[in-house]
Amino acid sequence: MKKINIFIVLLGIMVSSCEEFLTLSPETALSSATFYKTEADFEQAVNATYAPLRSIANSRSWLLCEMRSDNTIYARNINFGATEQQEDISDHALPEADGITSNGHVLSQYRQDYLIIARANQILSVIDEVEFDQTSKDNLKGQALFLRGYAYYELARYFGGVPLHLEPVTAREEAALPVSPEADIYNQLISDIQASISMLPVRSSQGVGRASKGTAQMLLADVYITQKKWAEAETLLRAIVNSGEYELIGNYEDVFSESVGNKNNMESLFEVQFLEGPEGLNSSFLYSFMPRPISSQELQPITGTSNTQGLDGEGNNVPTPDIIEAFEDGDLRKDASIAYVEIEGSDREDKVYPYIKKYAKHHDLHGNHGTNWPIYRYAEVLLFLAEALNEQGKTAEAAAYLNQIRDRAGLEATTASSQSDMREAIFKERRVEFAFENKRWFDITRADRVQEIIGAFGQRAMANPLDYYYPEGATFRDHAFSNITKYYALPAAEAEITPHF
Amino acid sequence: MKKNCYQFLDSKQLFTLLAALLLSFASYAQSTVSGVVRSEGDNETIPGVSVLVKGTTRGTVTDLDGKFQVEAAAGEVLSVSYIGYATKEITIQGGQTQYDVTLASSMSDLSEVVVVGYGSQLKKEITGAVQTLDGDDLMDIPATQIGQKLQGQLAGVQINQTTGRPGQGINVRIRGQLSVSAGSDPLYVVDGFPITGNISTLNPDEIQDITVLKDAASTSLYGSRAANGVVLITTKRGKAGQSSVSLNVYKGLQNVPHYNRLEMMDAVEFAQFKKEYYEDAGRDVPEMFQNPSSYEGQTQDWYDALLQTAPISNYNLTINSNTEKMSTSVVAGYFDQEGVVLNTDYERFSLRINSDYKASEKVSMGFNIAPQYIRDNTPRTDGSRGTGILFNALHAWPNMPIYDDEGELTYYNRFPAETGNIFAYPNYVRSALEITNETKQTNLLSNAYVQYEPIEGLVVKSTINAEIRNSKYFYFNPSTATQGINIAIPAVASSVRDHYDHFSWLNENTVTYNKSINDHSFELLGGFTNQKYRRERTRISANTYADDRLPTIQGAINISRGGTSSDVQEWSLTSFLSRLTYNFKGKYLMTAAIRADGSSRFGAENRWGVFPSVSAGWVLSDEGFLNTSDKVSFAKIRGSFGVTGNNNIGNYTQYALVNNTVNSVFDNTVVPGAAITSLSNPYLGWETTRQFDIGLDLGLFDDRVTFIYDFYAKNTSNLLYNVQIPQEAGFGSFTDNIGEIKFWGHEFSISSRNTEGRLVWTTNANISFNRNEVVALADGIDRVYGSYHITQVGQPFGQFYGLNKLGNYMNQEDLDNSPQVPGRSTVGSIKLEDVNGDGIITRGGDNDDRTIIGNPFPDFTYGITNNFKYGKWDLNIIASGSQGHQLYMRHLYSTANLDGVFNMVAKATDRFRSPEDPGEGIFGTTVGGGNVTGIERDWANSNFVWDASFFSIKNITLGYDIGKIANVVKAARLYASVQNVYIFTPYWGGGNPEVSQDNGSGDGGNLSPGVDLTGYPIPRTFTIGANITF
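Those protein sequences? They're chains A and B, same order as listed.
Residue numbers for the first sequence follow numbering that gives the first Met the number 0, beginning at 0 and rising by one.
Residue numbers for the second sequence follow numbering that gives the first Met the number 0, beginning at 0 and rising by one.
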């Protein structure tokens, strides 16, 4: 029996080491308990907060802003038929009931914005508890605030009122919040951006490509313009102009990012950063913008890749006759923005399609480029300033800023002299200067001209389907342009889960 | 005869043996008698048999050749006894000194010893729901893995072969158990060791017997891993007293019979379809389709081109060697199967050595070691359009050439756009032949035990078990081929290397005390165990190769960052267990068991789970009042209740993990990014299943007919559930124990010796009725939607969900008077039910018209096995079936795409063309393009749901016993066998009504069962084989 006693003692020893044996932390992942402890941790956390911008710029914004407007359209390839969600956005036929839509792109945009917000909230909730260099901390906090403000601004413009999350969610009960009114969203994002302006360094002292003081000032000016707070906008815009950090690039065609080069140039205030190559940080929007089906022989001169493959399906974001028409004669920006390709495989008699040329820069491999997406350019600072001035009755002063843009485009000075003519001139100028830069839809919504412009556009298009890239005998769906609204409805997949909408 | 491998000669026997040994030295002068002891039936000599002169202390044991010599006088009685055999008594006759004794097996069915968790029990005394199969009975069935051999043989256990890929796709569900997101596979315990790997790699010929533990009383000693049921596998051990060499061989051929392939259009039908497509739309018919009859005899059958008649062979050499102190069993196996899809090859080299050594009277020990090497290559056959070559090939145009004019395989086919050919079709024969998709596994499973019996009835046992598994996956897609669709050749060459290194060890320490006092017998078990598992994984994904001949990592231009990773997974488990078994006179039976599990997987606030069970049985037939009936030879009622758990909840689900690969770019430079990607839950725990079982065991007509019935009811709560949360939180879900499912069912098995004598005919049959219902999900959530499934409170799990098809709009009047999909419905398009009655058809949102449209679970499943023996001939027929379940013919979204993009199912020839020619009603009009046809194709609806009830003759084997051949072969049997003989089913969507393909939804298929994406066909296999004993 002695042996059994020994056995029991051994058992006891084993039991006492139980808890240690049973505690296994992940070796190949960090956990919240071990992270957010050092300056480097917060640098990484801020970097991750930028990440959703890539997916937004590469796959959503141009759908929800540009293709929603009269600048571009979904080019139907009737031999292919399974991408109705994009078509629904393009031809204003989104399924919608009680302020909810099942459209997946709307959902994705919504979720990506909240991903930015959640990451920023996490940073902002704990960064002050960790001691490190104040300048560095301010810079990181400033970026987090800027990004949160940016995301809420996107949400406010797309949806109006949305849930307002300012603290990180740590438990299931905290996940769903009621929809806050649009005005509350604006108040919050304005205060975020204002705070970030005071914390962020100017562009020349900031890391290349990151949000700087100028970027934040521009974002806030954009918000004020939307809110028609012209004087406040003017102050901010003048500060940017006077900072000396930015200037127009002489040749319009040289403004846009290439796959590797010409990024974050002197005209750029903020762009979404991509990297060509296998890291998974590349963009591919150029391919989304191609009319289809396009063969590899037809595509290769556009992309310049060594392993070109043909593309099938339906063409997205194809320039409408309306935008082509909108360029004045002699506008240098027209050929810089739009080019044409003949597609042998098209069902149309006229096999020539326009495509967006701005971003068509050569790169190495099929489907993988590093072209950055422009968010704010100095040209917009000038046109915003012109607008802010004109709206305050300083029409002549406004003309000077407008003419800087027209001059570069090879056009004569504007003839507009009345405030309302000037307003219309700036509206038109913005359309062609920022063609395919996702500005047009919000220009229309903030001018409250959705029904006027899109309604007319829809009638024009439905009367002439051939001009809008339909093949002979085919036309728009019966319910095209039946749901023209300023805001998107909230996403159905979220509505199913939250008790609040 | 069944014996527990762990169970050594019990103490009484040992004592007798020992006494006999000792006493043989101190013998009195008597006349010497000698003889040989053999076993009845195989006539094998038996060593180690106790031969005792009754009433004396004289005795001996037989030697290795079964011979004995003992001093005995005339008139004295020799008692010849051996475990598992009926004891024989022989009276010594004067003048006769040579006695040849034949012992008969004493095992009637009920006196079988059955392996149960942590021990063994007499079958008669078992109080839980347990079923056992003998490995030898399964030997003739030609199958890669054990699961295939068990199909149809176990009541309450549904075994589906979801794909024909060698070594894969066996889905085992015991009593319908399932979960939302935790694993639902049973726990496999090999020689006492709960393995972490896949049971499918085990060489089936190493198996001595299989015991399936179904109710909570049987399984609760496996605690937090027991809720899905437990399968105990015992491998072959040396049988004391028998030394032998035997060879089991079979060889055969497999093919895919034509009768159950999915019928697609031939080239003439396809051209005719395309012609009509353009005519109906009022468009010009492309030249290619103007004259369909010109394709007569020109059909390119892409699916058939991927198939072959393939050999299968299996060799197993078994050696049993036994001495007084050591018994060893060696099984060496080689299995080689080429698949019925080109370039499929599965090869297994396996060895198992099981040894037991009796070091002394009180101490014994044993070692098992089973190394394996498996190499298999299977093209990426399964998967949806664009990923699985079978799906892709199935609907490649039948007028696209497989071979070019020179007889070489084409690279890809694409016709001019005006033919409506919008996809480039790679040559899938090349895809099969040229893409490498290979896994090499090296496995080592080993056990060691030492057992000490300090006093009679008390056994202390300690085991160490280890499982090592290494697998190396290599995939190479050269530029000349692709399994995708719409990829022109040359494609971007790519490679994936995925290496796994698993290690798991288990230490178990148990004490068992066995005692009988008068009519009271009890056994008490106590134990303490520790198990740990670690898996290291390295995956490297590279692409853009300069040269297809050098698929090295360094040969690639790009290493794909997204596809390259390393990972470590660990879990640990500490347990205490105890069981008390008690019976009175062998007729009032009771067992109580308990296990406490502490697991690293459980949250810090909820680390230990306790799993108790009780069961009781009453052998009615031992009571006087039943003994009078000569019809009922045995009757027992039993009942049990217990709690078990399911800990398949992932390893670090309790933690909020920070993903540090959420990188960003600034100015063409990658910067590291990190973000929390999950929420923490320190209370996370196991899923709990409470199960109640009541059963009846009957033996009739002297046990010629035995009958077993079980009713069970169980309730699984604390379901591991990724509660979806609004993503405004920045997260998609929160992992919690929430929700409840109830299950209940009836199981019947009957086993009957129908005839005896010259023709012996036995029948084993079983039928099971399993039901489930979701009781609760998360609060505020009463349903989970899949793409074409719903799991909803008050309904069974994973029901098919979508719009209900009423027909097609037959004419303008019908269209005008019926609810429509606004802007999309036309004459001849699919007519759906307006479930909410609002006058329009809506999918999703608040005005949803979707409803439950089918059930993937059968009303009942059944199996029937008939065995005939006539002289030297034997015939075995195994059949199984399933009634009342449906499948979601998911592939129709592509194989019945009415836009003429792909080749189509032949049934689509008879579709709606006009009010005068409305077709069979299954498929609607092609006119209107995607806006019209997209409803039928892209909206989940009941047109995808088809009855998949089936009755399948799984195996027919005919054997002939040759017997002895000269002095070399002691026994030999030859047989011929056909596997997957025929399936009777109304299902027309493909050859396998058991199919259930996970479409990558990541829930283990539980939430989306019964989906048919045209998987690897299940072959019909013809084999001939031989069992030879030397």
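Honestly, I wouldn't trust all of these hints.
Unchecked claim - Straight-line distance between alpha carbons at most 16 Å, and here's what the computed EDC-like set of lysine to aspartate or glutamate pairs gives:
1) Lys531/B <-> Glu19/A
2) Lys531/B <-> Glu18/A
3) Lys350/A <-> Glu417/B
4) Lys350/A <-> Asp466/A
What the hints assert, rightly or not - Stretch by stretch, here's where chain B covers chain A in the computed footprint (C-beta under 8 Å, at least three residues):
5) 86-98
6) 114-126
7) 201-213
8) 274-282
Claimed, not checked - Covered by chain A, per the in silico footprint, the following chain B stretches (three or more residues, Cβ under 8 Å):
9) 418-428
10) 434-446
11) 486-492
12) 558-567
13) 653-664
14) 672-685
Everything labelled a hint here was simulated from the structure, so no lab data went into it.
Here a beta-carbon is modelled for each residue, glycine too, at the ideal position from N, C-alpha and C.
To see whether the hints hold, each was checked on the structure:
1. Lys531/B <-> Glu19/A: 13 Å, holds
2. Lys531/B <-> Glu18/A: 13 Å, holds
3. Lys350/A <-> Glu417/B: 13 Å, holds
4. Lys350/A <-> Asp466/A: Satisfied, since the Cα-Cα distance of roughly 12 Å is no more than 16 Å.
5. 86-98: holds (count 4)
6. 114-126: Holds, because 6 residues of the region 114-126 of chain A bring their Cβ atoms closer than 8 Å to Cβ atoms of chain B.
7. 201-213: holds (count 4)
8. 274-282: With 6 residues closer than 8 Å to chain B, the region 274-282 of chain A meets the three-residue bar; holds.
9. 418-428: Check passed, 4 qualifying residues.
10. 434-446: violated (count 0)
11. 486-492: holds (count 4)
12. 558-567: Held - the region 558-567 of chain B has 7 residues with a Cβ nearer than 8 Å to chain A, which meets the minimum of three.
13. 653-664: With 10 residues in contact (Cβ-Cβ under 8 Å with chain A), the coverage given for the region 653-664 of chain B holds.
14. 672-685: Holds, because 6 residues of the region 672-685 of chain B bring their Cβ atoms closer than 8 Å to Cβ atoms of chain A.
Violated hints amount to a single one, hint 10; each of the other numbered hints is respected by the structure.
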